[in-house]
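A.B. asks: What follows is the residue order along each chain.
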Amino acid sequence: GDSVTQMEGPVTLSEEAFLTINCTYTATGYPSLFWYVQYPGEGLQLLLKATKADDKGSNKGFEATYRKETTSFHLEKGSVQVSDSAVYFCALITNQAGTALIFGKGTTLSVSS
Amino acid sequence: DVKVTQSSRYLVKRTGEKVFLECVQDMDHENMFWYRQDPGLGLRLIYFSYDVKMKEKGDIPEGYSVSREKKERFSLILESASTNQTSMYLCASRSGTLYEQYFGPGTRLTVT
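Quick note, the sequences are listed as chains A and B, same order.
To convert, note that position 3 of the first sequence is 3 in the working numbering; the numbers rise steadily by one, no gaps.
Positions in the second sequence are counted from 1; adding 1000 to them yields the working numbering.
Next comes chain A alone, as it looks inside the complex (with noise of 0.2 angstroms):
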């Protein structure tokens, strides 16, 4: 069956550093893909999205190209700020009614200053 798999954290980087977390992702068909985050003490909210090969998803410095060749949607970011600890969720979902969103298992990030 569909599904993803993201590198297991934590994650722990000083501030300003580059950051990228794996994902990559099994699925019959051609999926949309996500990448969701979970501050502290509260529920996933959308970071950001691509619905097709090729596609680029960003927001809020974090960017994410959906590679059919290599089935990844590897998240990135140039520069971590204190404020972007938090956990990190890859997801997918395939073009069936009636379906839910499959996700990874998480990478928690933990930026010092």
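It cannot be assumed that every hint is accurate.
[Claimed, not checked] To spell it out: a stretch of chain A is covered by chain B in this simulated footprint if at least three of its residues, at any positions, have a beta carbon under 8 angstroms from a beta carbon of chain B; those stretches are:
(1) 43–53
(2) 59–66
[What the hints assert, rightly or not] Sample of chain A residues lacking proximity to chain B, with all beta carbon distances greater than 10 angstroms (derived):
(3) 13
(4) 69
(5) 85
Hints in this document: simulated from the structure, not taken from any laboratory.
Owing to the predicted nature of the structure, the values given are computational and were not obtained by experimental measurement.
Beta carbons: idealized from backbone N, C-alpha and C, even for Gly.
Keeping the supplied structure of chain A fixed, place chain B upon it in accordance with the hints.
C.D. replies: Okay, now just chain B, sitting in the frame of chain A:
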């Protein structure tokens, strides 16, 4: 902005109690979902509903039931709470198939 609200942020119940978790969305979304979130396991889908009175089992439905009598409200029911149901419960809603899912703030349930 879409708003998904959950009835409680924190809940403490005793083993064997019947527990109701309520979720309400204000954007007329067809689809609603219940997940549980546990450390190291990520989000796991319990049940979802794509229309009023319709429900589908997710990956871990055992020990849970749901009710959707109105489009805006989706309830998760623990018929007889057990300690292994101690978790964070997240509700979400979505319009259509390929659109963003909006999440509520979560209910942290502790069963003692």
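A.B. asks: All the hints need checking, so say for each whether the structure fits it.
C.D. replies: Checked hints:
Coverage of the segment 43–53 of chain A by chain B holds in this model, with 6 residues showing a Cβ closer than 8 angstroms to a Cβ of that chain against a need of three. Proximity of the segment 59–66 of chain A to chain B, defined as three or more residues with a beta carbon under 8 angstroms from a beta carbon of that chain, is not established by the 0 residues found. The beta carbon of residue 13 of chain A is kept farther than 10 angstroms from every beta carbon of chain B, the shortest such distance being approximately 21 angstroms. Distance to chain B confirms residue 69 of chain A as a non-interface residue, since its nearest Cβ pair spans about 22 angstroms, more than 10 angstroms.
The beta carbon of residue 85 of chain A is kept farther than 10 angstroms from every beta carbon of chain B, the shortest such distance being approximately 16 angstroms.
Hint check: a violation occurs at hint 2 only; the rest are consistent with the structure.
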